[in-house]
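**Student:** Chains A and B are the protein sequences, given in the same order.
Going by UniProt numbering, 72 is the number at position 72 of the first sequence; the sequence numbering is gapless.
Going by UniProt numbering, 144 is the number at position 144 of the second sequence; the sequence numbering is gapless.
I should point out that these hints are in silico values taken from the structure, not numbers from a laboratory.
Warning: the hint list may mix true and false statements.
To spell it out: a stretch of chain B is covered by chain A in this simulated footprint if at least three of its residues, at any positions, have a beta carbon under 8 Å from a beta carbon of chain A; those stretches are [stated by the list, open to error]:
| no. | segment |
| --- | --- |
| 1 | 35 to 41 |
| 2 | 51 to 58 |
Cβ pair distances, simulated, as ranges [said to hold, decoys possible]:
| no. | chain 1 | residue 1 | chain 2 | residue 2 | range |
| --- | --- | --- | --- | --- | --- |
| 3 | A | D60 | B | K2 | 36 to 46 Å |
| 4 | A | D60 | B | T13 | 16 to 26 Å |
| 5 | A | S88 | B | E88 | 35 to 45 Å |
| 6 | A | R12 | B | M42 | 22 to 32 Å |
The beta-carbon is built from N, C-alpha and C at its ideal position, and this holds for glycine as well.
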Amino acid sequence: MTSQTEELHDVRLHVNGTVHEVRVPARRLLSDALRHDLGLTGTHVGCEHGVCGACTILVDGSPMRACLMFAVSAVDAEITTVEGLTESDGSAQGRLSPVQQGFSDCHGLQCGFCTPGFLTTITAGLRDNPDPTEEEAREMIAGNLCRCTGYQNIVKSVLRAAEIERERGESA
Amino acid sequence: MKPAPFAYLRPSTLDEALTALAGEQGAKVLAGGQSLVPLLSMRLAAPAMLIDINALPDLGSVQVDESGVRIGALARHAEVLASSEAAEVQPLLAMALSHVAHPTIRNRGTTVGSIVHADAAAEMPMVLRLLEGSVDVASVRGRRTIPAAELFAGPLESTLAHDELAVGAFFPALAAGAGVGFQEIARRHGDYALVGVAAHVQLDGDAVASARIGFVSVSDVPVVVDVTDAVQDTAGDPAAAALAELDPADDIHATAAYRAHLVKVLVPKVLAAATDHARERARQRMDS
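Start from the sequences and build out the full structure, keeping to the hints where you can.
**Tutor:** Right, here's the structure in full:
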């Protein structure tokens, strides 16, 4: 089978609240469909075999590896990428989510390549456990690799994000 | 790293899936895909067709009764781990599942898929063997139940025929007077184990009637060793008895000698934990 004759599938993807129609071969990884077909390049592709966690997205709210799913298999799912984490506050660009703000406050990133996967993973992690201990924060991010920070500031960012979430909850 | 082209089917009924599977010798079943997709991306496998079972109805359940835990082919590891009823009836499930990869992988990967993937470095095939569970398979020819002892044919190879689809797995309940333990050593929690050890101990009164140990990452196929004799003999050495049946190998993560050392360290600890667990459960039964 050559690329000329490879069968294409019409797939409807629900991403960040928007419906997208794409025509892709069955072997199109969901990570590639998001980046190449939808132009959502916030989802990063590192190892492409499920180890590094850079491509982590939320599928029906649960963190999953976009590189270990095919776009054709994601038809019934509600997908959230890092682009969908920003909260609307009436302004054009919106405001950073608590997790994004936590990373900004605590210098939780250096080169930023791994960051989208951390942000999605932690967003779901704090929903399940809004008040993690430092140990639990470490466990929350154990499936994501970062080669810059040494993780110390990422752990701080998780704890800070939980704090921001509480502050915003109180002021709301 | 991209998979080679394949034909793709997403059937909505089991019959449709089984007919497709029977009609294409080169077809593979896609459930969670957490082991299959890396193999495809690295082109270690290039099936002609993938049959995606994620849209099939009625396969996602985790059913628990006093006989045990019945898990459907689409139940994700995370869903099995979240079932407190399952953990109560068969505590080894939760003990082992918390070591299966990272939570993100457990959100997609299925327990039944992991079992029929038959990786000797994975926890759940060994757990099914240790607990003497079984897998239910379906094909256009009918259904059958494969006992765990007859499920594993070789490295990454189950005894399912090419037209058979695993629709569920059954883990028997932990019997009265029995206890289990689990421990593994990995570079990071969630990575593949250098060595993993699970024990199942059955007491008769306060004496050990049977002691069996399952191992991860020290053999080509999921392996269980009966160490009852070594446990009952006060001069016996259960770890040495187990090692005689194992075949630890060198790889980039650990030498064979280090794996053998970990077996010697972990076996007594996990046996003791399983024996304590059995005694604790016996005490609770007396109290209640």
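**Student:** Hint by hint, note whether the structure agrees.
**Tutor:** The hints, checked one at a time:
Using a Cβ-Cβ cut-off of 8 Å, 4 residues of the segment 35 to 41 of chain B lie near chain A, which meets the minimum of three, so the contact claim holds. With 3 residues carrying a beta carbon less than 8 Å from a beta carbon of chain A, the segment 51 to 58 of chain B meets the three-residue requirement, and the given coverage holds. The given range of 36 to 46 Å is broken by D60/A and K2/B, whose C-beta atoms sit roughly 26 Å from each other. Look at D60/A against T13/B: about 23 Å separates their beta carbons, and that is inside 16 to 26 Å.
The hint said 35 to 45 Å for the Cβ distance between S88/A and E88/B, and at roughly 43 Å that hint holds. Between R12/A and M42/B, the C-beta spacing of about 29 Å keeps the proposed range 22 to 32 Å intact.
Hint violations for this structure: number 3 only, all remaining hints satisfied.
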